[in-house]
Amino acid sequence: MSKWLNPRSAFGITLIAVALLGLPFVAAMGGQAWVRILDFAILYVFLALGLNIVVGYAGLLDLGYIAFYAVGAYTWALLASPHFGLHLPIWVILPIGAALACIAGVLLGSPTLKLRGDYLAIVTLGFGEIVRIFMNNLNAPVNITNGPQGITLIDPVAFGDFKFSGNTQLFGLTLSGPMKYYYLLVALAILVVIINLRLQNSRIGRAWQAIREDEIAAKAVGINTRNIKLLAFAMGASFGGIAGGVFAAMQGFVSPESFSLMESIMILAMVVLGGMGHIPGVILGAVLLSILPEALRYGVGPIQMALFGKMMVDPESLRMLVFGLALVLVMRFKPAGLWPSPERKRELSEKRTEGKA
Amino acid sequence: MDIFLQQIVNGLVQGSIYALVALGYTMVYGIMGLINFAHGEVVMIGTLVTITVAGSLINAGMPVALAGMAGLGASMLICMALGWGLERIAYRPLRNAPRLTPLITAIGMSIVLQNLAMMIWGRNYLTFPPLLPKVNFELAGAHFTAIQVFIVVVSGATMAGLLALIYRTKLGMAMRATAQNPAVASLMGVNINRVIAAAFVIGSALGALAGVMVGTYYEIAHYQMGFMLGLKAFTAAVLGGIGNLAGAMLGGVLLGIIEALGAGYIGDLTGGFLGSHYQDIFAFIVLIVVLMFKPSGLFGEKTGDRA
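Residue numbers (the numbering used here), protein chains in the order written: chain A, 1 to 357; chain B, 1 to 307.
Since the hints were made in silico from the structure, they are not lab data.
Computed from a predicted model, the values in this text were never measured in an experiment.
Certain hints may be false.
Covered by chain A, per the in silico footprint, the following chain B stretches (three or more residues, Cβ under 8 Å) [said to hold, decoys possible]:
hint, segment
1, 90-98
2, 133-140
3, 152-163
4, 240-249
Dumping the calculated DSBU-like pairs for lysine-lysine here, alpha-carbon to alpha-carbon at most 30 Å [what the hints assert, rightly or not]:
hint, chain 1, residue 1, chain 2, residue 2
5, A, 219, B, 170
6, B, 294, A, 114
7, A, 163, A, 334
Cβ-to-Cβ under 7 Å is the rule here; a few derived chain B residues that face chain A [stated by the list, open to error]:
hint, residue
8, 8
9, 115
10, 277
The beta carbon of each residue, even a glycine, is placed where N, CA and C say it ideally should be.
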């Protein structure tokens with residue numbers, strides 16, 4: 001821990017802290033929409049770090065991660081909205097959401113323990129779809145999820161009388177709803193970064209990495225691969241559940257549409273594009289991939305107007321086209337991700353020199 | 001009993017389409033170990049190209065059968081070029097990359113193709129021109145149309161042809177050798193690049209054919225149709241044991257039949273609690289159950305440690 005105390009890293013941390021604190025005020029100059037984009041970027045950092053435990057550390061390819069996010073979001077929506085007339089406090093809902101997501105994680109994990117690689121990927125994908133289809137259809141005969149219409153008027157996050165929606169005056173500054181959520185999300189994200197960091201070099205973290213590299217060898221040296229793999233699923237899922245709860249509260253609205261397979265894939269893309277298993281890389285990937293489509297949304301139209309004087313193509317499809325191309329190009333030139341961990345980079349270059357097909 | 005037979009017929013038709021698409025996934029996977037997520041979009045483009053070509057030829061006064069053939073030919077050619085291009089541009093540079101890298105590339109290409117299709121053909125549902133006459137048959141209480149017969153017969157014949165190609169020709173032998181061990185195959189004089197490109201081209205041609213079938217069967221098409229179709233077909237490939245050709249065919253047909261039966265009976269089975277809109281769940285539940293007992297699919301060989 002001594003490296004935290006040396007003046008250079010202390011200075012770096014202060015700089016990052018100041019930047020994180022000031023960022024929403026800079027974004028607010030461009031309108032509250034940008035603050036909301038920042039909120040989502042941080043939310044995706046949280047999600048991506050949760051998935052990083054499953055994919056990056058334990059090497060279990062999970063294409064249904066959004067299911068846990070959905071479980072958390074719907075837990076919050078059902079326990080804190082007029083839909084059932086329940087308005088429980090955050091101290092009750094968030095743990096319930098995390099616990100339910102954790103159970104869902106174990107439920108998904110236990111039948112799939114024997115599966116490897118791509119078989120696991122398709123089963124998790126199927127699981128995600130099952131959850132989404134249930135959310136979509138559980139409005140009859142008993143209306144639980146309100147079907148495709150979703151649930152509205154969800155309570156915001158509130159600690160006692162302090163609500164996270166609406167404006168608040170604090171030390172002479174006006175804090176808008178999205179800005180308050182931003183600070184909440186940053187606090188949560190810092191927490192999950194610390195947990196990820198501590199896990200990385202813990203006994204559990206090393207067991208995950210051993211399983212990732214060679215499951216049979218890991219078993220042979222006495223790692224209980226079953227429990228350790230379930231633990232990865234459960235932990236990743238709990239983070240998904242918490243993120244889902246905050247998402248529901250922040251949006252005030254949930255519907256099955258937010259939990260499509262494409263979302264799972266996006267989060268996976270964040271992890272891989274940033275640099276699997278490497279925390280700064282995953283954060284970078286999440287921030288880039290969540291902000292890029294939004295930046296393109298604002299950029300593509302005006303740039304076309306400037307270049308051609310008229311809209312050549314529908315900006316909405318052009319922006320996704322550019323996004324897809326960006327994914328392809330980054331992977332083409334940075335196959336290990338934008339910011340891979342040093343060990344992984346070394347492994348990759350060794351593999352190259354071996355000339356393995 | 002009537003419902004049962006009817007659903008078997010419907011499932012067989014849907015399953016044949018799944019099987020054709022699944023072959024594209026499984027061939028690429030068997031040789032490269034890559035899930036080509038963009039394959040569903042190739043199928044979608046096959047359908048949309050046929051709509052444009054066949055539709056405009058019919059409007060120009062060409063006989064329907066001829067226009068249909070032209071549409072099929074055009075879409076197969078375009079899809080083959082597309083498959084070849086995908087491999088060349090997106091996947092070949094990544095042969096030695098970490099395992100998940102080409103997966104993300106595939107997703108990126110899928111997004112690109114979908115949005116290109118939206119730019120070209122628009123956001124709306126398109127009507128597929130009627131290429132086959134609407135004739136109904138009845139056999140043992142089950143109704144079926146000429147289109148359904150056409151789909152099952154043509155896909156059966158195509159699959160037989162593919163098996164002959166893989167097991168009877170030199171190219172097929174090279175493909176099987178590459179699937180077993182690319183390094184050794186290349187030492188034996190197999191041109192790996194050509195074999196992989198061939199797998200993509202053949203898979204895309206089958207995808208185009210499947211796309212035309214989907215179009216004639218459902219009579220509508222949309223730029224997003226490839227996603228779910230691709231997903232189901234991939235599920236079918238995994239169900240049969242990915243990398244195994246016969247497995248993909250049987251997996252596809254099985255998946256189609258299970259889905260159809262599930263949709264037909266789920267209401268009765270659950271006392272009306274769950275309706276037929278849970279149809280999509282069946283595919284995945286069956287998949288999970290099968291993989292619990294046969295972790296490498298119904299016909300898959302025990303795979304090595306690829307994870």
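Results of checking the hints against the structure:
Residues of the segment 90-98 of chain B lying with their CB closer than 8 Å to a CB of chain A number 7, which satisfies the three-residue condition for coverage. Only when three residues or more bring their CB closer than 8 Å to a CB of chain A does the claim for the segment 133-140 of chain B stand; here the count is 0, and the claim is violated. Here's how the segment 152-163 of chain B fares: 0 of its residues keep a CB closer than 8 Å to some CB of chain A, so the rule of at least three is not met and the hint is violated. Counting residues of the segment 240-249 of chain B whose C-beta lies closer than 8 Å to any C-beta of chain A gives 1; at least three are required, and the coverage claim is violated.
Distance check on the hinted pair: residue 219 (chain A) and residue 170 (chain B) sit about 43 Å apart at the alpha-carbon level, beyond 30 Å; violated. At most 30 Å may separate the alpha-carbon atoms for a hinted pair to count; residue 294 (chain B) and residue 114 (chain A) meet this at roughly 9 Å. Simply put, residue 163 (chain A) and residue 334 (chain A) have alpha-carbon atoms about 43 Å apart, too far for the 30 Å limit, and the pair is violated. Checking residue 8 (chain B) against chain A: minimum C-beta separation of about 24 Å lies over 7 Å; hint violated.
Checking residue 115 (chain B) against chain A: minimum C-beta separation of about 4 Å stays under 7 Å; hint holds. Taking 7 Å as the C-beta contact cut-off toward chain A, the hint placing residue 277 (chain B) at the interface holds, the least distance being around 5 Å.
The structure is inconsistent with the numbered hints 2, 3, 4, 5, 7 and 8, although it conforms to all the rest.
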